[in-house]
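Going down the list, the sequences are from chains A and B.
To convert, note that position 495 of the first sequence is 495 in our numbering; the numbers rise steadily by one, no gaps.
One rule links them: number in our numbering = place in the second sequence (from 1) + 1000.
Honestly, the hints are just simulated from the structure, not real lab data.
Every residue, glycine too, gets a C-beta built ideally from N, C-alpha and C.
Do not take every clue at face value.
[As the list claims (entries may be wrong)] Quick list of simulated restraints, FRET-style, between CB atoms:
#, chain 1, residue 1, chain 2, residue 2, range
1, A, Leu80, B, Val1210, 47 to 57 angstroms
2, B, Glu1282, A, Val30, 34 to 44 angstroms
3, B, Ser1267, A, Val30, 19 to 29 angstroms
4, B, Asn1242, A, Ala582, 53 to 63 angstroms
5, A, Val30, B, Ala1232, 13 to 23 angstroms
6, A, Tyr571, B, Arg1243, 49 to 59 angstroms
7, A, His4, B, Glu1235, 19 to 29 angstroms
8, B, Leu1155, A, Val30, 22 to 32 angstroms
9, A, Val30, B, Pro1009, 22 to 32 angstroms
10, B, Ala1232, A, Leu80, 44 to 54 angstroms
11, B, Ala1232, A, Leu575, 33 to 43 angstroms
12, A, Tyr571, B, Ala1232, 37 to 47 angstroms
[As the list claims (entries may be wrong)] Listed next, the stretches of chain B that the computed footprint assigns to chain A, with coverage defined by at least 3 CB atoms under 8 angstroms from CB atoms of chain A:
#, segment
13, 1090–1100
14, 1171–1185
15, 1210–1223
16, 1236–1242
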Amino acid sequence: MVFHNPWGLLALLSIPAILGLHFFRTHREVRRVGGLHLWDFARTRLPVGNRFDRLMRSLALLFQLLAALSMSLLIAGADLPTARVNRHHAVVLDNSLSMQARATRTMADRARDLLGDWMDSRDRYTVIAAGTRPEILAGPFAGRDEALDALARWVPSEPACDVEAAVNLAGKFVTGDERILFVSDEVAHARAYGETLEIAAVGTPEPNAAIDFADRTRVAEGRDRVFLTLRAYASLSCRTTLRAFSGTRSVFEQDVEVQPDQPKQMTFETDQVGSIVRLEISADSLEADNVAILPPVRIKTVRACVEGLDLVAKHFLQAVAAVPYARMTGDPAEAELVFTTRADYESRGANVRIYEMPSPETTEKVGLALGRDLLIDHRNTITDNLPFEGVLWPYVEYEKRPPGRLLVSCGAQPLIVEIASQPGGAKRILFNLLYDRTNVFRQSFWPVLVQNAIEECRDAMPGLSRTVFRLGESIPLNLRPDADSPARFSLVRDGRAVAEYSDLPEVLASLPAGVYEVRQDGTQPALAVFSVNVYAPGESNLQAMETREPDLAGLEAATVVRAESNRMLYYAALLAVILFAALNWRYE
Amino acid sequence: MADRSREIPERAAIEAYAIRYDLCLPERQAASLIGELAGKRTGSSVEYQDRKDYVLGDDVRHIDWRAYARNDRLTVKLYREEICPTVDIVIDTSRSMSIADDKSVRRHQLGYLFYLLAQKINAVTRLYDLGRNLAPVRTPFDLLAGEDRRQDSPLPALENAPLARRAGIKILVSDFLFPFAPEDLVRLFRASDRLVLVQVLSRFEDDPGVEGEVRLEDAETEQFLDLALNRATVEGYRSRLNRLRNDLERRLLLVGGTMAIVRDSDSLEETMRRLSVARIVEI
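With the rest of the complex left out, here is chain A (with noise of 0.2 angstroms):
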């Protein structure tokens, strides 16, 4: 016997506490009487004395604790269960966005009527969707019927198929020699897994065209250049409508004839800078990527500095100039990017960045640098990829430890330093390089270290880096909230809240096509407002896709010995539970 809720045998307490009530009503009021004839008639019970009525009070006491110990087993869940023998298949769906490609009927509608044709009520599933990570959809061990309603609402959708991943963890649910169905629209990707696939494809070549790319950009004071890219995924070249819409306004409408591998390049332009601007190719095989949002710019401009660097200022303004969204400012408390000799420079938050430098004047020992002796640190955004040949690098030598993490040294000696700030201050960068006697500004690595600093900085400040992400893409949020509004927030898609949350996440991950807003209760507008298009050229590619016929029926299974509730034993215990109630109330 097995109990499925064994806190439920606190029931049995119950048993001790008749017996306890049982013993104590006993013990009532006695009143010692000269003869009871004349009460006779009040008597609610017969008088004990006779063996026939305490057999009766014992049979009320007994049906009692019979009730109480059945509805004990109830409580609990008892059972007696039986050992049932089932197959179990592993079934592995093809889980990327091609299954959604249509013909006459889509792909997934082809597994579905394969897999529903093909399941047995008697056989035990575990259906695994394989998609940019396996997610199982049915089971482990569902029946047929649990099986066909985890397909019907099964909508494949992710950018690929990791076919590795998804037969690992349905190796986790498979003995011996037991193949995995997989199916797909394509054979291709699963002919590795020869041995142990068992390949069903259910595709068919199918010419389809996609918007691969598409963004957008401030290229003007309101107006901005939107800019895609079509490709035709087909033998034959293909003729298509590309439609732009802001709300229900028609912006752009196009012809277009693709030809099969040259990507179509288009570009227009629009005064819908506040307005979501929604692209539209003709309906073909895959509507998915037929569709393009693309979210208004958020523009973050970074603001720069120069303080006390009056040689090299000039060098600084023309690498700031040269950077889309920054600009000089003269005052530094509006600054994010700030470059000083000042090594106590203050600053007002955690977006800014102070570079620092030391003062020509020193009277510390000087060392020099080349570009070829440099020593890089390149998993920093600003200082990778930096061209450092044939730049000399003067610095102040350092006897002492480095104030920071090293980012480009010399040997030993530090030469941009990343300096350990303060929680919630500003970050110090110390650039050993005295500006006076260098040739750094003249080189090609000037214009490209401002720059770098710059994108770093703007990556700091609040908000999102751009509006427009790819399916499967992580999507770093870096919001601030307002600290004085509620701490909920939630994600929106589509118009429709998919998630809520108390604290907010850095990144989002995972996320189906769509337009999300991300919010914070009490307040207006949105914090972020972004979009996820398909741009999956690999789903997109409908050209080999193929069609395969399983051998269903010499597709090895694994028995299963599965132990099921008996509801027989439930329905005996409620019975009892009821029977014994009456016979109490009877003799009571």
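Given the structure of chain A, go ahead and fit chain B onto it with the hints provided.
Leaving out everything else, chain B in the frame of chain A:
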């Protein structure tokens, strides 16, 4: 010798009441010995009581010849009867009479009182212990000795006892809570001149209150009965108790008997008042 190791409470008060009160005598007293007590009937004493016209059969020795000389009518002188009554006092000493100390005490007090009242009139006084099969005892103090005994019903003992068939005054002190038919009890004492029943009840037996769930235990049989002592139950009991009393009183009335109900919690004065109202005693 009477066992005086146990004393009757308020003995002095009872003796005082015995001086103040007299036992009510029966209208007729058959087969009693001629004694010193003036009876209520006409008899053969020297004490003149009344006169009446002579009728055939009257004792010619009692014709008032002087009156005949005066008014030429034959009249007969009537003289008060002189009697010597017999009083049989039966005290119930079964367990039911000792369910409460007050009830037991009141029973003994009544036994002592009736004993004194019977002695006062020089009656032939006999005391019987009903709990011991009507064993005769010499004094009320003898009843104090020994434990009360179980007696499901005293009727079998009474039926077989000679006292039931004798004339005289019969006084039964009991709670009369055993199952019996009033006519059967009264019929047993049909030979008596006056049957006096004194029902001694505990306060609960006489007037139970609404108490909720209780267990009633029969002092004699030790059986018990669980019941809810609610208004309906109490009213039902009272109704049955009153019916029993009414039946007894009606039967007693037919034979010239009387009955008093005494509650153990009443004062002695209240008890005497009740006996007086029932015309068992008189001042």
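So, going through the hints one by one against the coordinates:
1. Here the CB-CB span from A:Leu80 to B:Val1210 is close to 53 angstroms, well matched to the stated 47 to 57 angstroms.
2. Between B:Glu1282 and A:Val30 the C-beta distance comes to about 41 angstroms, which sits within the given range of 34 to 44 angstroms.
3. Between B:Ser1267 and A:Val30, the C-beta spacing of about 28 angstroms keeps the proposed range 19 to 29 angstroms intact.
4. Look at B:Asn1242 against A:Ala582: about 41 angstroms separates their beta carbons, and that is not inside 53 to 63 angstroms.
5. Against the hinted window of 13 to 23 angstroms, the Cβ-Cβ separation of A:Val30 and B:Ala1232 comes to about 21 angstroms, which satisfies the hint.
6. Checked against the given bound of 49 to 59 angstroms, the beta carbons of A:Tyr571 and B:Arg1243, roughly 56 angstroms apart, stay inside it.
7. In this structure the hint that A:His4 and B:Glu1235 lie 19 to 29 angstroms apart at CB is violated, the actual value being about 55 angstroms.
8. Remark: the range hint 22 to 32 angstroms for B:Leu1155 to A:Val30 is upheld by a beta-carbon distance near 27 angstroms.
9. For the pair A:Val30 and B:Pro1009, the beta carbons lie near 26 angstroms from each other, so the given range of 22 to 32 angstroms is met.
10. Remark: the range hint 44 to 54 angstroms for B:Ala1232 to A:Leu80 is upheld by a beta-carbon distance near 51 angstroms.
11. Between B:Ala1232 and A:Leu575 the beta carbon distance is about 38 angstroms. The supplied range of 33 to 43 angstroms therefore holds.
12. Our hint of 37 to 47 angstroms for A:Tyr571 and B:Ala1232 holds, since their Cβ atoms are close to 43 angstroms apart.
13. Residue count for the segment 1090–1100 of chain B with a Cβ under 8 angstroms from a Cβ of chain A: 4. That meets the three needed, and the coverage hint holds.
14. Check result for the segment 1171–1185 of chain B against chain A: holds, 4 residues qualifying (beta carbon to beta carbon below 8 angstroms, three or more required).
15. A stretch counts as covered by a chain when three or more of its residues have a beta carbon under 8 angstroms from one of that chain; for the segment 1210–1223 of chain B and chain A the count is 12, and the coverage holds.
16. Remark: the segment 1236–1242 of chain B is confirmed as covered by chain A, as 4 of its residues place a Cβ nearer than 8 angstroms to a Cβ of that chain, reaching the required three.
In this structure, the earlier hints numbered 4 and 7 are contradicted, and the remaining ones agree with it.
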